[in-house]
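Residue numbers (this note's numbering), protein chains in the order written: chain A, 1 to 458; chain Z, 1 to 583.
Take the hints with a grain of salt, since some may be wrong.
Quick list of simulated restraints, FRET-style, between CB atoms [stated by the list, open to error]: (1) Lys556/Z <-> Ser388/A: 28 to 36 Å; (2) Ala449/A <-> Asp443/Z: 37 to 45 Å; (3) Glu359/A <-> Ser543/Z: 35 to 43 Å; (4) Gly391/A <-> Asp485/Z: 21 to 29 Å; (5) Arg332/A <-> Asp443/Z: 52 to 60 Å; (6) Ser12/A <-> Gln403/Z: 33 to 41 Å; (7) Pro140/Z <-> Tyr455/A: 20 to 28 Å; (8) Gly391/A <-> Ala358/Z: 52 to 60 Å; (9) Glu564/Z <-> Gln206/A: 56 to 64 Å; (10) Ser333/A <-> Asp510/Z: 34 to 42 Å.
None of these hints come from the bench; they were simulated from the model. For glycine and all other residues, C-beta sits at the position ideal for the given N, C-alpha and C.
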Amino acid sequence: MIFEYKGVKDISGSIIALDNVENASFEEMVEIRLDNGGSRRGRIVQIEGNRAIIQVFEGTSGLSLSNSRTRLEGKPMELPLSKELLGRVFNGVGEPIDGLGRIYPKASRNINGTAINPVSRVYPRNYISTGVSSVDTLVTLIRGQKLPIFSGSGMKHNELAVQIVRQAKIAEEEGAGFAVVFAAMGVKNDVADYFRRSFEESGVLQRVVMYLNLANDPIIERILTPRCALTAAEYLAFEHNMHILVIMTDMTAYAEACREFSSSKGEIPGRKGFPGYLYSDLASLYERAGMIKGAEGSVTQLPILTMPNDDITHPVPDLTGYITEGQIVLERSLEGAGIYPPVAILPSLSRLMKDGIGEGYTREDHAPLSNQLFASYAKVQDARSLASVIGEEELSQSDKQYLEFGRQFEARFLAQGMEESRSMESSLDLGWQLISALPREELDRIDNALLDKYYVKA
Amino acid sequence: MEQINKIYGINGPVVTIKGASGLSMMEMVHVGREHLVGEVIRITDSATTIQVYEDTGGLKFGDPVYGAGAPLSVTLGPGILDNIFDGIERPLKAIEAKSGAFVERGAEVSSLDEERLWELTLTAKTGDYLHSGEVYATCPETSVIEHRCMVPNGLEGKVTHAAPNGKYKVNDTVLKLKDKDGVEHELSLCQKWPIRSPRPINQRLYANIPLITGQRVIDTLFPIAKGGTAAVPGGFGTGKTMTQHQIAKWCDADIIVYVGCGERGNEMSQVLEEFSALIDPKSGRPMTDRTTLIANTSNMPVAAREASIYTGVTLAEYYRDMGYHVAIMADSTSRWAEALREISGRLEEMPAEEGFPAYLPSRLSEFYERAGLVEALNGSQGSVSIIGAVSPQGSDFSEPVTQNTKRFTRCFWALDKALAYARHYPAINWMSSYSEYTGDLSDWYAANAGADFMDCRKQIIQVLNEESKLMEIVKLIGADVLPDDQKLIIEIAKVIRIGFLQQNAFHKDDTYVPIKKQLGMMKAILHLYKAAQGIVARGVPISKVTETGLFEKLVKIKYDVPNEKLALLDDYPAEIDKSLEEL
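Full structure from sequences and hints, please.
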């Protein structure tokens, strides 16, 4: 039997309360019909006796205590799924907005998903060649990894993400399908449009599923957007054995939506006003990357987040870094120097690369070379800070060599064209060419056998 | 008649029952039709509050809540090792068999495999009088660990029946014990223990044996005792997990309990894969034979994350009571503290620092105090060492979890971002880390590593201290203006940093370094230092000394001297003298 409840008891922000509700279950979906014909959806977020607290996705403006009827749907929020998702555009809660009508669902899933059993996971080992030297050599992306891009407003993170999508040779050798699931959370209209156009130009649009919650869309939907996207990704990866790259932008806007929602519920805030459960909440998204036994597909995540005020210790990048398997950090000073992609390699890291590179995967010199590049580039920073105090002229011979190495490294290795795709092999060779500008004794991370083989004598 | 309680309110993982429930504090309960596991955390005369260890979506007002009549407990018995559990000791492999790759709710599986047969040897016979904690039967749990079944705490009496040796299942009755009141108790291979209470012991012992980890910066500079506690704080990407893995793989504890508390799923699958592939050099068997894993990844329910730490330490104490040295890796205690905060927030408790509940320090101290070298009830000696990773928010060590952990642990291995950026691993900062065990352990080092070990250690620390002072000057005016004797300190410190402190976990010899080699390396470095000091004092420019290539040679000792050919170390002093004499 389906009951309808007339009116509401309480309205506060996007939260309404309903009294005398029978048989409500936690996280159940509700439909609220307004007397003027409109309809909104919501979700039960708290139950106290027969009072239900409901979060309304589209916001509560226009609701009064008496002008609505609420109906419980009897199930949690589920996303209709089928392979037809590919090439379609949806709003933040999974409703089609491209005018092509509803999809015919083959399955439907709870958007919250369930945790992957750790023993069912396959440890990710296959690298994805992105054609970007700095990423491939130093922060190798592994299939099934979650590797966020930490950026700031106005930097070229979107371009980098698009370049990675365009150049990622993710599945060609295995014949399995490759698709992109794109979740936009609180991004500007033109950013979403930029992604759409770029996908179109690179001819992958038919393999893209888009979930768009733009900057002026309701924040409650923003909380559901990544969940819808990941549910679709999991379905395509584990039911249809496809390799899915999920791009989620912007995670900071998502976290801010969580904060807004939490404060309207009157919860005790944690750091910078973000809810105390932000870590668990972010983890429930990021942990949905991976591969499982018995399925060919994989979910790889490339979340993008803008660090407010370029501050990496801000709660959102901080908590993200603790969950994800590394990070690609973009730096404004490099961007200012006209270097694209402006990857700050020292704070960047890929935790999974150590097992996905080297002999049998990329090349036997990959790990020591990337270690050496990191270590030498760290010394470049020391030399630079010294030079800024005492002047470049006063530096020792060795420090001068480092400065020169740093300049060459940034100009030739980090910098590359937006359309330029470099093979793993050529990126590694380029690395050797540059590192060979330093005296051989300085290369303490590489053993002699490899130095004999690859070190380029001046 | 048993009273049936009904759900009144639901808020995230917190469920309330209205009115007097008849449940007791910390009692385990089953919530709703799916029998989700929960625990009573607050009782007032008008309401009872329960934290649920599983996702609460779909629960309804009025759903039943059943009390289990006992506090949240784990089952202790053979089958714990070489296994992987979630935060409340449910075996993940069994859950996988039942519900597939995704963890379903309300999975009711028994903690230990009830069908497996164990080759049991009864050590007690009819007529014996057994006290609590005494061993009555043993069985080989894995190829390297003998499991010892002990009389549960609080029970003692005369054996009235002892089964013959043979194959038994975990729940088979193998012994009957008549207590002084004449009541007969049946004992099987397993027993239960509430996770929040420490297991009783006879007495604590003086912890003066080091836990040798084979990691130079730990064993030499900041050693930890068997039964000791250590905190490993570090921002993300500084190598907390790597450090924990290295210690778990190589330390000389008999048993490892690895708790992945709110960490990454892929990391747990890596641990599983690596540990089963890694052959323990001492036994020639896979690492997993002496390891148990508790995996509560960050997307698994938050309340079970809170419990996972206690589950881990309870399992560790159980093996300690059998007389084993157990090391528990908790990665990461910050996630556990955050779970406390999250639940405290849902209970609308008054927050203290940064939203953490005011009882955070007391919970932390309760946990770390369960470590120790002890004499168990049965007289055997065992230890629990706790190594807890801390993930400070924003890499800021002044935040409450790091600060409070610092108060209750005696080793502090501070991981440093700058070192990690330069890929100097382990990134343990030698200036801000400390160990309070050095004094307690010096006798052991003198007797087992070498009489001069502690002296060498002191000199190494001195050089590093002087270097750090000099570096402040160097940063301002460059190294070129320093006098030669100070340049020498900088060069030697560089050898110590790169050649000694930095250690390559992926190199077959360098991943584990025996204590004798550590001493040999220190001696070689200090020998060069002394000899070079003499030469520089005679007015020979430092550039001449560095040109000999001795510094680079010492940096590579870690690769050039294999662990099984330590005699090669003896050649270094002579070679140093020879090269320097030529100057």
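Violating hint indices (sorted, rising): 7
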